[in-house]
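Chains Y and X, in that order, give the protein sequences. Residue 39 in the working numbering sits at position 39 of the first sequence; the count goes up by one each step and never skips. Just remember that the working numbering sits 369 ahead of the position in the second sequence, which is counted from 1.
Hints are computed from structural coordinates only; laboratory data are not their basis. Please note: incorrect hints may appear among the correct ones.
Calculated lysine-lysine pairs in the BS3-like style (CA-CA distance at most 27 Å, straight line) [to be verified]:
1) K372/X <-> K132/Y
2) K513/X <-> K525/X
3) K132/Y <-> K233/Y
4) K373/X <-> K132/Y
Reference listing, derived: stretches of chain Y covered by chain X, where coverage requires no fewer than 3 residues with Cβ under 8 Å from a Cβ of chain X [unchecked claim]:
5) 107-115
6) 121-132
7) 183-195
Here are a few chain X residues that face chain Y, going by a calculated C-beta distance under 8 Å [as the list claims (entries may be wrong)]:
8) M370
9) N414
10) G415
11) A428
12) D430
13) V437
14) A502
15) G503
Every residue gets a Cβ at the ideal spot worked out from N, C-alpha and C, and that includes glycine.
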Amino acid sequence: MLKTPALNTLRALKVLHLTAALRQNARKARYLFHKLSVTTQGVAVTVGAKRWNSRHPADILGDNSERRHFDPHSSRSPHMRDFEYQCPRSLAAAVALFAEHNGSARPLAGGTDLIDHIRAERLTPDVVIDIKRIPELNVLECSDQGLRLGAAVCCRRICATEEIYRHYTALHDSCSIIGGIQIQNRASVGGNICNAGPAADSTPSLIALDAVCVIAGPNGPREVPAESFCVSKGQTVLERGELLVELRFPARSPRSGSHYRRFIPRNEMDIAVVGVGASVTLDEAGTTILDARIALGAVAAAPFFAAPVSQALIDQPATDETYAAAGEVARQMISPITDMRGTREFRLHVTGVLVERVVREAVARAAAT
Amino acid sequence: MSKKRIVTCTINGRDESFLCQPRQTLLEVLRDVLDLTGTKEGCSNGNCGACTVLLNGAAVDSCLVLAVECEGVEIETIEGVADHGRLAPVQQAFLTNAALQCGICTPGFIMSTQALLHENPNPTEEQIRFYLAGNLCRCTGYDKIVRAVQQTADHKIADAP
Numbered sequence: 001m002l003k004t005p006a007l008n009t010l011r012a013l014k015v016l017h018l019t020a021a022l023r024q025n026a027r028k029a030r031y032l033f034h035k036l037s038v039t040t041q042g043v044a045v046t047v048g049a050k051r052w053n054s055r056h057p058a059d060i061l062g063d064n065s066e067r068r069h070f071d072p073h074s075s076r077s078p079h080m081r082d083f084e085y086q087c088p089r090s091l092a093a094a095v096a097l098f099a100e101h102n103g104s105a106r107p108l109a110g111g112t113d114l115i116d117h118i119r120a121e122r123l124t125p126d127v128v129i130d131i132k133r134i135p136e137l138n139v140l141e142c143s144d145q146g147l148r149l150g151a152a153v154c155c156r157r158i159c160a161t162e163e164i165y166r167h168y169t170a171l172h173d174s175c176s177i178i179g180g181i182q183i184q185n186r187a188s189v190g191g192n193i194c195n196a197g198p199a200a201d202s203t204p205s206l207i208a209l210d211a212v213c214v215i216a217g218p219n220g221p222r223e224v225p226a227e228s229f230c231v232s233k234g235q236t237v238l239e240r241g242e243l244l245v246e247l248r249f250p251a252r253s254p255r256s257g258s259h260y261r262r263f264i265p266r267n268e269m270d271i272a273v274v275g276v277g278a279s280v281t282l283d284e285a286g287t288t289i290l291d292a293r294i295a296l297g298a299v300a301a302a303p304f305f306a307a308p309v310s311q312a313l314i315d316q317p318a319t320d321e322t323y324a325a326a327g328e329v330a331r332q333m334i335s336p337i338t339d340m341r342g343t344r345e346f347r348l349h350v351t352g353v354l355v356e357r358v359v360r361e362a363v364a365r366a367a368a369t
Numbered sequence: 370m371s372k373k374r375i376v377t378c379t380i381n382g383r384d385e386s387f388l389c390q391p392r393q394t395l396l397e398v399l400r401d402v403l404d405l406t407g408t409k410e411g412c413s414n415g416n417c418g419a420c421t422v423l424l425n426g427a428a429v430d431s432c433l434v435l436a437v438e439c440e441g442v443e444i445e446t447i448e449g450v451a452d453h454g455r456l457a458p459v460q461q462a463f464l465t466n467a468a469l470q471c472g473i474c475t476p477g478f479i480m481s482t483q484a485l486l487h488e489n490p491n492p493t494e495e496q497i498r499f500y501l502a503g504n505l506c507r508c509t510g511y512d513k514i515v516r517a518v519q520q521t522a523d524h525k526i527a528d529a530p
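Bound-form chain Y, shown alone:
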C-alpha cells in the first residue's frame, strides 16, 4: 500500500462518506463520493501508476465496498463481491469443506444461476465450492438397474446420451430447451432442482420419471424423492452442509414413454408459463394406460407431482377423452398466480391443454417402443 498525503485525504474522505451513507444523508454522501472519485484520479496522477486507469477509489484503498455504486453510466459491469474459491476432488473433501464453512459456502456446478445471483447480490457466499471435479457428481450410467445421473452433469451431455433419449425422453426434452446452447453446456439438472425455481424445466421431468435425489452431508447420506425435494420458491429440503450428489431413476417398464413440454410466448430462450412432464406405461395391447405420473411446473411455488391427474389416467383407455378428462382434473386442482408471464385464467386454460398434449405424446412414444 502506497503512503502519500493524497492517500490520507482519500481515507479521510472515505470515512466521511461512509458516515454520511450510514446516516442516510444521501445528498452529502453523493457529494462526498464525487469528491472521493475526483481525489482518486488525483492520487492516480500523483503516483503515476499505469495500472490505476480504472480511477476507482476501491482499487487504491483495496476494498470493493463501493465498487457497485461507482459510475452507473460506465460500460463496465461492476465486479462481483469478493469470495474464496475451493475445488475439492472428492466427495468427502467437499462435505468437510461445507461443514467447515457452516452455511457461508455455496456449491458451484455450471454457475449459470449462482454467478448471476452473486453478481446481483441475491446471494453473498464467502466461499464458492466448485463441485464439478468430484467423480460422484459426474456419473452418467444407464443400466438394467436404471439411470444414475451425477448432479453436476451438464444438459448438453444429457442431450447427447442415446439411452436417455430412448428411455428417459422427458429428461432429454427438458435439457434440450433449457436456455441456449451456451447455457446447456454449463447448466446441470442437479443445479436446476437445487435452485428450486417454480418454473424449472427439468424438475417436472424428474418427478414424472420418479427420480430420487441422493444427498450427502455431515450426518451421512440420505435419499429424498424428487417430488419432495423442492419445498417452495428457492427452498429445498437440503439442510446446512448438505449437497445433492446424484439423481437415481428406476429402470423403465416395457411400453413406457415420457414427454416434457412448456408453454412460452417465444420459440426458445424463455421461462415457462406452464410446464408439464408426463410418464406413462401401456398394457401389452397398447390400448390401456397401466401407470402414469404427471408433474406440473410454474403453476405453484414449486413443481409438484399431480397425483389426482395421474389417477385420472391409470387404468383408463388411451383415448383423447381420457386425456381431456385428465386436463380438466389438472385445471381443477391448481391455483396459479397472475404475474408478468401470464394471468391466472390463462395458466388455468394452458395447463389443461398442455396436459392433454403431453400425455398424448407420451402415449405415442410408449406405443412406439
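Place chain X on chain Y using the hints.
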C-alpha cells in the same frame, strides 16, 4: 480480499498463465488481464451470448464462467478464428452477407457458428436458428446471420476433399 491465483490454460492454441481473483469471470480476465478485447460484454447475465467463447470446444457464456474454473482447459476466442490475418470462411461469410451492423454481437455469433459447424457440418435452417438462440442481435434481425452460416456450411462442404 481473496488471494490471487495462478491459472494455466491454453488460449487459441498457446499456453497461457494468468493471475486472477476468484470473483473475476473469464470474460473480465480475457478483456482486462489478457487484452483479448474481441470478446464482448453484453448483458453479463447469460442472456445475450455476446461473450461466447469455446471451452474445450463447447460454446459457453464467458460472463458466467469464473476464470479460476479454467485451470487446464482449452479456450478459443474470436482472436483465434482468423488464420495469420486471413479471415476464416465464417468471418468472410458474415462480411459478404452483411450479417452485422454495430458488431457487438458478431464475435459471439461467430464462436457459436464455429461450434455448430464443428458438431453439425450441414445444419438445416431450423437447426441453425435453434443453435444460435443463445445469441441476441438487436440490429440486423437474424436472416442475414442465418444466411451467412448457411453459406459457410455450403462452402465448407464444397471445399471438402
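We went through each hint and held it up to the structure:
Among the hinted pairs, K372/X with K132/Y is consistent with the structure: their alpha-carbon atoms are about 22 Å apart, no more than 27 Å. As the CA atoms of K513/X and K525/X are separated by approximately 18 Å, the hinted pair is consistent with the 27 Å bound. At roughly 25 Å between alpha-carbon atoms, K132/Y and K233/Y fall within 27 Å of each other, so this suggested pair holds. In summary, the hint linking K373/X to K132/Y is supported, as the alpha carbons are separated by about 21 Å, within the 27 Å threshold.
Coverage of the region 107-115 of chain Y by chain X holds. Counting CB-CB distances below 8 Å, 5 residues qualify, and the rule asks for three or more. Residue count for the region 121-132 of chain Y with a Cβ under 8 Å from a Cβ of chain X: 3. That meets the three needed, and the coverage hint holds. Note: the region 183-195 of chain Y has 3 residues with beta-carbon separation from chain X under 8 Å; the three-residue rule is met and the coverage holds. Against a cut-off of 8 Å between C-beta atoms, the interface hint on M370/X holds, since the closest Cβ of chain Y lies about 6 Å away.
Against a cut-off of 8 Å between C-beta atoms, the interface hint on N414/X holds, since the closest Cβ of chain Y lies about 5 Å away. For the restraint placing G415/X at the interface with chain Y, the shortest Cβ-Cβ distance is roughly 6 Å, inside the 8 Å limit, so the hint holds. Restraint check, A428/X versus chain Y: the minimum CB separation of about 5 Å is within 8 Å; hint holds. The interface hint given for D430/X holds, since its Cβ lies 5 Å from the closest Cβ of chain Y, which is under the 8 Å cut-off.
A distance limit of 8 Å between C-beta atoms decides the matter here; for V437/X the minimum to chain Y is near 5 Å, and the interface restraint holds. With its C-beta approaching chain Y no nearer than about 4 Å, A502/X sits inside the 8 Å limit, and its interface hint holds. A distance limit of 8 Å between C-beta atoms decides the matter here; for G503/X the minimum to chain Y is near 2 Å, and the interface restraint holds.
Of the numbered hints given earlier, the model fails none.
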